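Given the structure of chain A, go ahead and fit chain B onto it with the hints provided.
There are 2 protein chains.
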Amino acid sequence: MTQFENNNFGDVLLNRHSVRHFDKDVKIPREELREMIKETITAPSACNLQAWQFIVVDTDEGKKKLHEFYMPFNNPQIDTSSAIIQIFGNTLAFKKYRALWDHMYEEKRISKEELDKVYNTFLPLYEHADKTMLTADAMVDSSLAAMQLMLVARAHGYETNAMAGYDAKKAASVMGLDPEQYVPVMGIAIGKPDASAEELKSVRYPVDDVLKFE
Amino acid sequence: MTQFENNNFGDVLLNRHSVRHFDKDVKIPREELREMIKETITAPSACNLQAWQFIVVDTDEGKKKLHEFYMPFNNPQIDTSSAIIQIFGNTLAFKKYRALWDHMYEEKRISKEELDKVYNTFLPLYEHADKTMLTADAMVDSSLAAMQLMLVARAHGYETNAMAGYDAKKAASVMGLDPEQYVPVMGIAIGKPDASAEELKSVRYPVDDVLKFE
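Protein chains in written order, with UniProt numbering: chain A, 1 to 214; chain B, 1 to 214.
I should point out that these hints are in silico values taken from the structure, not numbers from a laboratory. Quick caveat: nothing in here was measured; it's all calculated off a predicted structure. Treat the hints with caution; some may be incorrect.
Repeated chains share a single entry, so a pair holds when one copy, or any two copies, can fit it.
Said to hold, decoys possible - Once the Cα atoms are required to be at most 20 Å apart in a straight line, the calculated EDC-like pairs of lysine to aspartate or glutamate come out as:
hint: 1; residue 1: 27; residue 2: 194
hint: 2; residue 1: 212; residue 2: 130
hint: 3; residue 1: 65; residue 2: 178
hint: 4; residue 1: 95; residue 2: 116
hint: 5; residue 1: 201; residue 2: 106
hint: 6; residue 1: 192; residue 2: 127
hint: 7; residue 1: 192; residue 2: 79
hint: 8; residue 1: 64; residue 2: 167
hint: 9; residue 1: 96; residue 2: 68
Only chain A is shown next, with the shape it has when bound in the complex:
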């Protein structure tokens, strides 16, 4: 298993906070970024569809593209972070689905009966779904992965900022993806914090404001 720099679950989860100003001199090796995504995609997804797509932006040219669709209040994060991981939902992920389950059957991880159940129960739900459902499912899957990524980054010794303010109509095409298939979910800036910058500590509503028992 991966040796995490910070393997203290309570610290990773409870002390995570948004960082908007990073140390510009820190570069994260691509192999480590790839490893982080690999850990990230252990996240669950609806019917294991894994309707997520990651674009790791760590070059000046890539960051220029982000400026084309992000609102200016995200500039500090984009310009100072080591990388931005732009996450898109893949609304047509179900098209890869048969191949995944066929593979599981070939490897004898599931029986013919289980394979047929997938083909006859879950797959038709997606093949007949409308765009709204496919978009919602892809956004939920991608958000689950996004949360894992923020925690994984912290376990690797980095901090993050999840960025939501962008022109949703432009994001996919600027990043070279088909905007009919891919919906932007969020960008995650990652790096080492700039120690000299002051970061706002956000507060939460009291838990009983958002919790009921039945």
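Positioned in the frame of chain A, the structure of chain B alone reads:
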């Protein structure tokens, strides 16, 4: 800080897997469930809107309600888990927003200038947003929290199953929420695994299938 039963980040994150058959004899105290939600809502959200709502279902009457809108393939999880935490997105969370930021200003955590910035930059984005954007934002916020909840549960010594197959039109009203304001995101069954049940270990696409560098 909370003393987690399992505080090993790598184990919590990388060895989490879906459990569909739970030990029916295990009851989780409501105070512990409440504590788990409190840890869960350290998740970030777009503009700190915290557009999530949790309904913890741990009674037979509550579970009966879930059966009214969940598809039958979720029955094992609903019937055997200690509790199901039904998560809804609150599309009108921005209406509580002024109170939250006023509170931060009163406590001198932010300056008048920062308060004005929130009022003039972020709040109008929501006040003028259409239903589609408000729904998408609420679903993303809630999914970030959902992922934290699954990890928090495992750190407390439990396992989970995220359930997505339900009648989205019925969920809110059956649970006593206004369906115009609240959108269902997912249910999370939680409990101790039934040691005698076999659980399918799911696989993931290779990381390079869903990853590009820019």
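For each hint, the structure was consulted:
With identical chains, the CA atoms of residue 27 and residue 194 are at most 20 Å apart within one copy only, with a shortest distance of 13 Å there and 46 Å across copies. In the homo-oligomer, the alpha carbons of residue 212 and residue 130 never lie at most 20 Å apart, since the shortest distance is 32 Å inside one protomer and 28 Å across protomers. Taking identical chains as interchangeable, the C-alpha atoms of residue 65 and residue 178 lie at most 20 Å apart only when both belong to the same chain, with a minimum of 16 Å there against 41 Å between chains. Taking identical chains as interchangeable, the C-alpha atoms of residue 95 and residue 116 lie at most 20 Å apart only when both belong to the same chain, with a minimum of 16 Å there against 47 Å between chains.
In the homo-oligomer, the alpha carbons of residue 201 and residue 106 lie at most 20 Å apart only across protomers (15 Å), although the nearest pairing inside one protomer, at 51 Å, exceeds that limit. Taking the closest pair of Cα atoms, residue 192 and residue 127 never come within 20 Å of each other, the shortest separation being 43 Å inside a single copy and 35 Å across copies. In this homomeric assembly, residue 192 and residue 79 come within 20 Å of each other (Cα to Cα) only inside a single copy, at 13 Å, whereas the closest approach across copies is 45 Å. Taking CA atoms no more than 20 Å apart as the test, residue 64 paired with residue 167 passes inside one copy only; the shortest distance there is 15 Å, against 42 Å between copies.
Taking CA atoms no more than 20 Å apart as the test, residue 96 paired with residue 68 passes in neither setting, with 31 Å inside one copy and 32 Å between copies.
The structure is inconsistent with the numbered hints 2, 6, 9, although it conforms to all the rest.
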